[in-house]
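A.B. asks: Residue-level listing of the chains:
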Amino acid sequence: MSAPLDPSTPSAPVTPPAPLVSIRHLAKSYQRGAQIVPVLSDISLDIAAGDFIALMGPSGSGKSTLLNLIAGIDRPDSGELLVGGVDISELPEASLADWRAAHVGFIFQFYNLMPVLTAYENVELPLMLTRLSRAERRERVEMVLGMVGLADRMDHYPTELSGGQQQRVAIARALITDPTLIVADEPTGDLDRNSATDILAMLQRLNTDLGKTIIMVTHDAHAAEAAKSLVHLEKGELLQGEQRGREA
Amino acid sequence: MFLPKLIARNAMRHKLRTALTVLGLVIAVLAYGLLQTVVDAWYAGASAASNARLVTRNAISLTFALPLNYEYRIKGVDGVTQVARSNWFGGVYRDPKNFFAQFAVSDNYLDLYPEFIVPPEQRADYQRDRRGALVGRQLADLYGFKIGDVIPIKGTIYAGTWDFVVRGIMDGRDESTITRQMVFHWDYLNETVRKKNPRQADQVGVFILGVDNPDNAAAISRAVDNVFKNSLAETLTETEQAFQLGFVAMSNQIIAAIRVVSYVVIVIVMAVMANAMAMSARERITEYATLKALGFGPGFLSLLVFGESMIISAFGGALGMLLTPPAARFFKQAVGGVFPVFTVSHETMAMQAGCALVVGVAAAIVPAVQAARVRIVEGLRAIG
Numbered sequence: 028m029s030a031p032l033d034p035s036t037p038s039a040p041v042t043p044p045a046p047l048v049s050i051r052h053l054a055k056s057y058q059r060g061a062q063i064v065p066v067l068s069d070i071s072l073d074i075a076a077g078d079f080i081a082l083m084g085p086s087g088s089g090k091s092t093l094l095n096l097i098a099g100i101d102r103p104d105s106g107e108l109l110v111g112g113v114d115i116s117e118l119p120e121a122s123l124a125d126w127r128a129a130h131v132g133f134i135f136q137f138y139n140l141m142p143v144l145t146a147y148e149n150v151e152l153p154l155m156l157t158r159l160s161r162a163e164r165r166e167r168v169e170m171v172l173g174m175v176g177l178a179d180r181m182d183h184y185p186t187e188l189s190g191g192q193q194q195r196v197a198i199a200r201a202l203i204t205d206p207t208l209i210v211a212d213e214p215t216g217d218l219d220r221n222s223a224t225d226i227l228a229m230l231q232r233l234n235t236d237l238g239k240t241i242i243m244v245t246h247d248a249h250a251a252e253a254a255k256s257l258v259h260l261e262k263g264e265l266l267q268g269e270q271r272g273r274e275a
Numbered sequence: 032m033f034l035p036k037l038i039a040r041n042a043m044r045h046k047l048r049t050a051l052t053v054l055g056l057v058i059a060v061l062a063y064g065l066l067q068t069v070v071d072a073w074y075a076g077a078s079a080a081s082n083a084r085l086v087t088r089n090a091i092s093l094t095f096a097l098p099l100n101y102e103y104r105i106k107g108v109d110g111v112t113q114v115a116r117s118n119w120f121g122g123v124y125r126d127p128k129n130f131f132a133q134f135a136v137s138d139n140y141l142d143l144y145p146e147f148i149v150p151p152e153q154r155a156d157y158q159r160d161r162r163g164a165l166v167g168r169q170l171a172d173l174y175g176f177k178i179g180d181v182i183p184i185k186g187t188i189y190a191g192t193w194d195f196v197v198r199g200i201m202d203g204r205d206e207s208t209i210t211r212q213m214v215f216h217w218d219y220l221n222e223t224v225r226k227k228n229p230r231q232a233d234q235v236g237v238f239i240l241g242v243d244n245p246d247n248a249a250a251i252s253r254a255v256d257n258v259f260k261n262s263l264a265e266t267l268t269e270t271e272q273a274f275q276l277g278f279v280a281m282s283n284q285i286i287a288a289i290r291v292v293s294y295v296v297i298v299i300v301m302a303v304m305a306n307a308m309a310m311s312a313r314e315r316i317t318e319y320a321t322l323k324a325l326g327f328g329p330g331f332l333s334l335l336v337f338g339e340s341m342i343i344s345a346f347g348g349a350l351g352m353l354l355t356p357p358a359a360r361f362f363k364q365a366v367g368g369v370f371p372v373f374t375v376s377h378e379t380m381a382m383q384a385g386c387a388l389v390v391g392v393a394a395a396i397v398p399a400v401q402a403a404r405v406r407i408v409e410g411l412r413a414i415g
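Chains as they are written, first to last, in this note's numbering: chain A, 28 to 275; chain B, 32 to 415.
Next up, chain B with everything else stripped away, as it sits in the complex (with noise of 0.2 Å):
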């Protein structure tokens, strides 16, 4: 019990030292913590995309549409179940400012997103009702969305002003599952542009693909493609995490800068420790010098240090711990649900109680070293 009763009153000697590079480790644990959320929240799309589904769309872009005849086309090929269409409305309700995702999905969508639960008298008003749409619980919640309300929204791919009726609430079927889109009727959005714009009609943004086995997945995607290669839309076919991850790749410099920017917050509080305990370190010779007269030796020298170094680095790195899934919420609320799933993952818990360990330990090495080696009569600048 004594050497941590020395460690502690050790730690407390300058209170105002202390709690400075406690504050420093809890900000820096925080932004951590934060900045790896935000990573997470990124790929949440991602993460949450089946390796079930495929997604097939034109090779060239994807804001280059398919025609609508392929449909029958990829039913036909080895392995594939069912298929989907999904476009792209992009329109603004409101303001731009007020971004949420919506697709024009064809009526068996749903029967490959297993994770959308709506109830089934909801989805039967849905199916009944032509300009009726679904919306997640994550975008009602948000903009206050309920049954029966009128969502008017501005086309910008698909001119016009569309008149869309909530008739069902999508919840997620766990918290990553992502509810801030809205999904309507393919059938509406084409037979609408065939009367504005007939060369917009029977263009399809994305197939989506259910398969008998995920394992042949691959082989399925080579398959689809094959039957459209030298024809004027050659498609490209991947699983739907991939497509997503292709989205998140467009981002890649910017998570990667996100990423490098956590690091540097912790090198940095790493050299302010490092710097607190190297002063503290220093001001201490002469104990450490004493202490070795007196018969302790160096390995019970160089655990004062590190011991005060842990219990700092162990105090700030719990309290920015658990500081971090209020201020994550607070984020969350603040940038106006940007982030759909911002959720502080268990693995980001792990890595800030590692970064804390390892500024803990760093921050002692060279301190460590120095009381550890520190000669006795030079210490005690006793040379008569």
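Bound-form chain A, shown alone (with noise of 0.2 Å):
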């Protein structure tokens, strides 16, 4: 479960288990020119292990700002940032790298993969950072692309493979390194509708039937409805949190 928070609420009597990701009076801004752009002000939220969030709003809002902030691609001017406990805003910048190879799963909306790279290779390459033997990688990468129905399509390039394709490459490459966390930015935007009814419905089911908690940028209604929960922001600012009904 997911929700803004008003810090200034009493602790309840028994204490609930430890969010995933927990923020505190988040802000960050931006420099444009001699100009200091406010992005995101004073947020505060949890999000539950497990959980599925969507972030909605419109452009400008600062959720891809928020996102990135989760994920370790940015950092916050001032507040809290933990992620499984750990303040990832003091990570060095060296320890943050690994701890992002090693806790988050990216999806971008425009796939981001590198297009010398079979699916396969892709696919395989957030495990060139870990320790694992050549036929360990290929059991896992095999496995995962059959997960996300490519295991016929290993060995095409990026440019020989459709919009649809590319993105469950991209899921693939997201999940192969066993992530505690999947963020997704906009991972329905480049999509005609079926492609992205069956991309949300692929994330839908690694966060029930593998348990992975996903953060999901979105401006699209329909993509969020995919959420568990929705979190809105406006001009930098978190404005409500909704429980949406489709259970784990």
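Note that these hints are calculated values from the structure, not bench results. Each hint can be trusted.
Over the 10 Å line for every Cβ pair with chain B, so calculated as not near, a few chain A residues:
#1 Q62
#2 I63
#3 P65
#4 R158
#5 L159
#6 A162
#7 R167
#8 A178
#9 S189
#10 G190
#11 D236
#12 L237
#13 G238
#14 A248
No farther apart than 20 Å at their CA atoms in a straight line, the calculated lysine to any residue pairs in the SDA-like style are these:
#15 K46(B) <-> P185(A)
#16 K36(B) <-> L159(A)
#17 K36(B) <-> M181(A)
#18 K46(B) <-> P142(A)
#19 K46(B) <-> T186(A)
#20 K36(B) <-> P142(A)
#21 K106(B) <-> R253(B)
#22 K36(B) <-> M155(A)
#23 K36(B) <-> H183(A)
#24 K262(A) <-> R412(B)
#25 K36(B) <-> R165(A)
#26 K36(B) <-> T186(A)
#27 K36(B) <-> D182(A)
#28 K36(B) <-> Y147(A)
#29 K36(B) <-> T157(A)
#30 K36(B) <-> L156(A)
#31 K36(B) <-> R158(A)
#32 K46(B) <-> V143(A)
#33 K363(B) <-> I58(B)
#34 K36(B) <-> P185(A)
#35 K226(B) <-> A96(B)
#36 K36(B) <-> R164(A)
#37 K262(A) <-> S86(A)
#38 K36(B) <-> L154(A)
#39 K36(B) <-> Y184(A)
#40 K36(B) <-> E148(A)
Quick reminder that beta carbons are idealized off the backbone N, C-alpha and C, glycines included.
Take the two lone chains, each set in its own frame, and fit them into one complex as the hints suggest.
C.D. replies: What follows is the structure, given as structure tokens:
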């Protein structure tokens, strides 16, 4: 379950299980020329392990920035950001890279596959940072590509795959290290309706069948319906949280 | 194996761009090699010259001769073992463009030049024939001279047409020996001149001195020049190498220009390649950001860029180096024997390899730093 938090709310008598993502008073701004543009201000939010949340909001609302901060690819100006109990905002760059490799799976709007690598090699890519043997890597890659229904497309290059197939390769790449958290930035933004539906169904299965915690940025209401809960952002502020009826 | 595979595939991603970059590098490395070989060829005479031989000439200028009687006084200087005479003949064989050196030399000349190998019977034939001449192998090959041929040469310094009979072919001791000259009897020249123009007789262009110990060359040179101090024809004695370098020095500015051009070519291709690498890096910023997001470090990204640059430069450099020797042979033939020795040296090849390496590294520095420093969020253009 995810909800915006009021840090001033008194603690409940019974301590609930620690959330996977715990955000307190998070703020982020960007410098554009001489101007400082606040993007997020005073965000506090908990995301439970196994949740599937959709971050929604208009363009410039800060939803992708929030996702980037949670994924450890950007750093907040202030506030606390714990993921799995680790304050990732305090980690040095090299440790943060290691942390991302081990704990976060990325799904991007435009897939961001390496065009010179085959589907197999793209999925294998994150495993190159592990100590797994070639045989172990092969076993995993084949299994994950099978899960996303691309066992017969392993040797195809991204340009030889449709958009939906490329996104499935990206999902396989996100899954390959068995990460704690999967972050998806507009995963259906570049897909036709049918492919988008397939991808959303796949994300739901990852959430329900494998228990993966998924945070998805979208401004597509149809895509957001796939999530268990919604978080709305506007002008860098959290508006409301909404628990949806879908059961895990 | 993953990194080399990724590097190789990236290098082949834009085949046309890579091919053109490699082509540019091949041409640059080839041009560099040829230009350096031209410079080497310029110095070849001086390089082949001996430090164990001294050359005594008129101190005013090489165009002024020395009296013949100096020979006996030079022989009297301590450390001088032999003295040979040599006069620049400067004649024209059929056409002025058929330039080659002709020297009138004393009979002991070859004793001072062991690098010229003449079979004993040919040398004996030469000694017997007053009009006899010895031609170098390179010269003989160039004009097809054979033993017994008569070479008519029109004198420019010494008037008239002179007929010389080829009595022997001088081979070089090794590849660096220049054998693109002709020598004939100094006595023949002197006797003929005495009849036609007595004022030109008994004049020697330069004396070539053999010394007992090359380490004493400087002292012997001073001693020789001291003998003729305050005379009507003071002398300047120096090692043969210094003497040859004096000729080369006359072309110093041309050589400097050639050297500069050879380096400019390399700098130009470096700029071209740096531009190609920068374009590649710019196009791949999103990929670098993705790799960084997945956990790959800045070092890995730098290696990707450096590796690609090095592959292209290594390929272009190797191809350029491979093509240099055949191109040098073609060049040597095309210029019609202007450069008797035109061999691509190991040093030049090493410099070509060094240039390719420097181009590869230098071209990659800025793109590699950019790749390593790419901010993931900016690279992904994901500010929401």
